[in-house]
Amino acid sequence: MSGKWEVVIGLEIHTQLATKSKIFSGASTAYGADPNTQACLVDLGYPGVLPVLNAEVVRMAAKFGLAVKAKIAPRSIFARKNYFYPDLPKGYQISQYELPIVEGGELFIRDDDGNEKRIGITRAHLEEDAGKSVHEGFGKSTGIDLNRAGTPLLEIVSEPDMRSAKEAVAYMRKIHSIVRYLEISDGNMQEGSFRCDANVSVRRRGQEELGTRAELKNLNSFRFVEKAINFEIERQVELIEDGGEVVQETRLYDSDKDETRSMRSKEEANDYRYFPDPDLLPVEIDKSFIEAVRQTLPELPDAKQERFISQYGLKPADAEILTMNRALADFFEQVAGAADTQAQVAANWVIGDLSALLNKESVEIQQSRIEADALAGLLNRIADNTISGKIAKEVFEAMWLGEGSADEIIEAKGLRQITDTSAIEGIVDAVIAANPGQAAEYRAGKYKLHGFFVGQVMKETGGKANPGRVNQIIKDKLG
Amino acid sequence: MHQRTLGALATGLAGGEFSSRELTEALLGRIERHGDTLNAFVTVTADAAIAQADRADKARASGDAGPLNGLPIVHKDLFCTKGVRTTCGSNILGNFVSPYDASVVERLANAGAVMLGKTNMDEFAMGSSNETSFYGPVTNPWNAKLSPGGSSGGSAAAVAARLVPAATGTDTGGSIRQPAALTGTVGLKPTYGRVSRYGMVAFASSLDQAGVITRSAEDAAMLLGVMAGLDPRDSTSVDHRVPDYVAGLSKPVKGLKIGIVRQHFDEGLDAQCAERVKASLSALEDAGASLVEVDLPNIGLSVPTYYVVAPAECSSNLSRFDGVRFGHRTDDPEDLLDLYCRTRGEGFGAEVKRRIMTGTYVLSAGYYDAYYLKAQKVRQLISRDFKNVFESVDVIAGPTAPTTAFAIGEKTDDPITMYLNDIYTIGANLAGLPGISVPCGFADGLPVGLQLVGPHFAEETILSCAHQYQQLTDWHAKGPEDFA
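Protein chains in written order, with our numbering: chain A, 3 to 481; chain B, 57 to 540.
Extracted from the complex, chain A is given alone in its bound form (with noise of 0.2 Å):
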C-alpha cells in the first residue's frame, strides 16, 4: 500500500466452544455425524420446545474474557435476531445484543514493524450456530442439515485498531493461540470451529473519519483473511482514486478466483427487530464465580512467552513461535527439560526439524511420532559427542519412521562417532596420501583446500568422524 492510503480493519472472530452438548439443548456437538442425527426437538425449533442454557458456555466465555482482560458482565441477556432462513430453524437466532457476557479486553500483536501493538476488543458475546443448507445433490431443491443448529459459538469483536492484513492475521492467529490455551475451543478452521468476518474501510492518510467500510464474509483460514483483505483494500482505493465511492456492503470472498464479490448492500440488508429473549433468564455472573474461574486460567502466550526468554534463555522470535500453540510449548519444555544440552537447542530441533516435518505430514505436534523423551534421548548423544549434529538428522529421520530410539538406531546402523584420535589420524593419512596434489597446494597456503579434505575424510568414515578432531589433525598434518 502506498503511504497515501491508510487502511482500517476490525474483525469479527466466531469461535466454537468445545462443549459436550449444544448452548440451548442436550443434543450433542461433535462433528461429522449423519445429516439430521444430531438435532434435537429443541434444535428443531418444533412448537413448544424452550432453551435452556448449558452452563458450561457461560465458563468458557467467563474464562476467555478474563484471558484478555476484560470484563465480565455481572448481567447479560440473551436476544433474538429475527431472520428467515431455512436452516435457522425458529426463524430467529438467540444471541447477545445489548448486554454481551464480555465486554472491554485487550491484546497485543506484532505490527508490521515488529513493535508491539495493542489491539481493542469491543465485547464477545455467546450465540447459537445456525444450521447447514446443501446445495448440491438435491436437484432444484436445498437440503437442511441441523446437526450445527444450536452449537455454541462465542462472537469476539475486535476494535477498527487493526492496519494492515498482516496485523489481521497476527490478531487472528493470537485469538486463536488464547481459545486453544484455554481449552475453550478446538480451533478447527477446516470444520469451520473458527473463522471470521472483516470489516474493512480505507482513508487517505491524515484523514480524521473513517471510510466506508465493506463487511467480508466468513473467512476460514489465515491465508484468505490475507488475501481477502488484501484485495479489499486495493478494490477500494483504486474505486476511490478512479472517482468512485465505496458503498457498505456485504461481500464474499472466493478462494478459487481470489477476489471479494457483493452479496448484499446496505439497503437489503436484514433489520433483525432484536427484542430480548423472554423464554431466557438473565445470565448473572457473581464476584466468586469469576475468582473460580481465574483459578482456572493457564499461562497465557505472553506470560509463557516471557518466561521462555528469561528462564530458556530462548531467542525471542523462537520464544513466540513456541508459545503460540500451547501443545508446542509443553512440548518444547520436556525436551529442554530432559535433555543434558542447551534449551535453545532444543527450540532449533523442536522449531526446524520436527515442525518441518510435522507440516510435511500435516499432523498437529500431539500426532508427532517423536515423543518429548525420545527427541531429548538423541539431543543427548549430541551433546555428549556420541553422534555429530549431521548424523543426528539421519537418526531423527529413522526415529520418525518408527526403527526404535537414538541409541537403538545408533548401534544398530553404526553411526558413533569416531573420536579415537589415532584411528582418525590413520584415515587422514591415507587421505593425504591418495591426494598429494591437493596436498602440495595446501601446503603451499591454498587453505581454502582444508574443507576438501575434511570432505574426504568423512566420506571415508561415512560423516561418523568427530568433526572437531578431523579439522585439528587435518591443520596439525599439513601445517
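Bear in mind the hints are in silico, worked out from the structure with no lab data behind them.
Hints should not be assumed to be uniformly reliable.
[Stated by the list, open to error] With beta-carbon atoms standing in for the labels, derived distance ranges:
#1 A/Glu193 with B/Leu392: 53 to 61 Å
#2 B/Gly401 with A/Leu283: 32 to 40 Å
#3 B/Gly401 with A/Lys362: 55 to 63 Å
#4 B/Asp394 with A/Glu193: 44 to 52 Å
#5 A/Tyr85 with B/Pro389: 31 to 39 Å
#6 B/Asp394 with A/Asp113: 47 to 55 Å
#7 B/Lys430 with A/Met265: 55 to 63 Å
#8 A/Glu270 with B/Ile472: 29 to 37 Å
#9 A/Thr144 with B/Thr67: 55 to 63 Å
#10 A/Asp113 with B/Lys443: 15 to 23 Å
#11 B/Gly324 with A/Ala294: 35 to 43 Å
#12 A/Arg206 with B/Asp394: 55 to 63 Å
Positions of the beta carbon are idealized from the N, C-alpha and C atoms, including for glycine.
We have chain A; now place chain B onto it with these hints.
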C-alpha cells in the same frame, strides 16, 4: 355422573361406585351427542381414552392409583400431545402430530388423568371469542348464538356443558378467566412460572401461563397441585414450594383484606355485571373479610401495553411456522420467498396476521424505542402498582369481564372493542400474578364472573377465598339447561 365435580368423581371412583371406564364412556357419549352443537373439540381421542381409563382401573385395583387416577380431562389444543394432532386452532398446524408431550400433559397423565380430547380455541390463542379458530367458532352452552369467550373457549364450553369436569387452558391476557366468566365456570391462571410452559405452543412467552377451567375452586386446587412446580426444561419456571392447595382451601375469609380497584368500576362495566360483582363482594364482607378501596393508577394503560408486548413476542414465536420442517406447506413453491409467503399466507388467519404485522412493526429499527421499549417501561409501572397495592391487601377483587357473553360476529369487525374485553384480566398477565374467575351470579340469564387476583405465588389465598365464596353461594353449581 356428569353433573359431579372432579372432587366428587374422585370420591365415586375411590369408593368403587363406578369405574373410570364407565365414567369415560359416559362422557365420551355426551361429547358425541353435544360435540357438533358446541364445536368445543378439535380432536376427540376416544380409543386412547378408553385404554387409559382401563389402565387407571387396573392401577386402582393394584393399589397404585395416582392423585387423579381415572379422572377425565381435556386439553386445550395448544398443549403438545404425543401422537395426537396439535393444531393450535390453526390451519398451519392442521397436520401436525406432536412427537412429545407437554410438561402439563405429562404431569396430569402421570397422576392418572384420562385425556378425552383436545379443545377448540382461538388461533394460536389470539382472540377473546373463539371466532379466530380455523376449525370454526365454539358456541356458548348458555346460548348457542353467543360466544363462550376465548381463547380457551372450547375448554370453557366443554366444562360448562358438563361434557368434562375439567380442562386445561392457557392465559396470556385473560384467555382462561374471561371464557370462564362467560360460561359460568371457574378459571385459574397461576403465577407466571408456577406451571411449566414446556410443550405449550408459545403465543407471547413472557405472558403465557397454563391453568385450568373447572366447576369449583376445589377442583382447580386439585389440578394445580399436580401441574405446578419447577421444570428444568423451562428456564422461566420457578423453584417455589408447591403447597397442598386442597388442604389450604379451608382457610376462612375472616380477616382477609380485599382490595377493590377504583378503576375497575368505571364506565365500560355493564351495570348488571357491576351489581352482581358488588353483591358478591358484600357476601365476602359479611363472611368477615374487609373491603378496602385501592388504586392502580396505570391500569388504564394495560390494554395498549399488552397489544405491543404480546404481538412483538408473537411475531417472533410464530416465525418457526415456515413450511420447512412441519405443518402446512404450500404446493409447488416457485422459490424460497414464495414458499414462505404462500405457506404462511394460507396457514394463518386474519387475526394472527394482524398481530404478526403489529409485532414486526413495533420491533422494527426506528420504532423499537417508541413502542416495545416504552411498553416494557409501562409494564414495569403496572407491576409496581400491583406491588404497592399488595402491601396493604391480600387479594384484589373485581369483575372478570366488562359484559356477559356477546353474540358471535358482534365484534369481529372491530378488533379494538374485542381487545377491550380483556381490560380487567390483562393486568395480572403483565405483572405475572395469579388470578381466578368464579361464577358470581347471572345477568339476564347469562353468567357473570368475579375475579380475584393475588400477589406472586399466592394461589392458596385466591383459591381459598374462591372456595369459601363457593361455600356461601351455589352459582357454580348451576349449569345450562340444554346440557342438563
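Hints and how they fare:
Taken as a hint, the range 53 to 61 Å is violated for the pair glutamate 193 of chain A and leucine 392 of chain B, whose Cβ atoms sit roughly 27 Å apart. Distance hint check for glycine 401 of chain B and leucine 283 of chain A: the Cβ-Cβ separation is about 35 Å, which falls inside the suggested range of 32 to 40 Å. Checked against the hint of 55 to 63 Å, the pair glycine 401 of chain B and lysine 362 of chain A passes, with Cβ atoms roughly 59 Å apart. For aspartate 394 of chain B and glutamate 193 of chain A, the hinted distance range of 44 to 52 Å is not satisfied, since their beta carbons lie about 34 Å from each other.
For the pair tyrosine 85 of chain A and proline 389 of chain B, the beta carbons lie near 19 Å from each other, so the given range of 31 to 39 Å is not met. For the hinted restraint 47 to 55 Å between aspartate 394 of chain B and aspartate 113 of chain A, the CB-CB distance of approximately 51 Å keeps it satisfied. Checking the proposed 55 to 63 Å range against lysine 430 of chain B and methionine 265 of chain A shows it is violated: the Cβ atoms sit about 35 Å from each other. Under the hint 29 to 37 Å, the C-beta atoms of glutamate 270 of chain A and isoleucine 472 of chain B, about 36 Å apart, fit the expected range.
The beta-carbon spacing between threonine 144 of chain A and threonine 67 of chain B, approximately 59 Å, falls within the hinted interval of 55 to 63 Å. In this structure, aspartate 113 of chain A and lysine 443 of chain B break the distance hint of 15 to 23 Å, their C-beta atoms being roughly 57 Å apart. Judged by the Cβ atoms, the range 35 to 43 Å given for glycine 324 of chain B and alanine 294 of chain A is violated: they are separated by roughly 56 Å. The given range of 55 to 63 Å is broken by arginine 206 of chain A and aspartate 394 of chain B, whose C-beta atoms sit roughly 47 Å from each other.
Hints 1, 4, 5, 7, 10, 11 and 12 from the earlier list are contradicted by this structure; the remaining hints agree with it.
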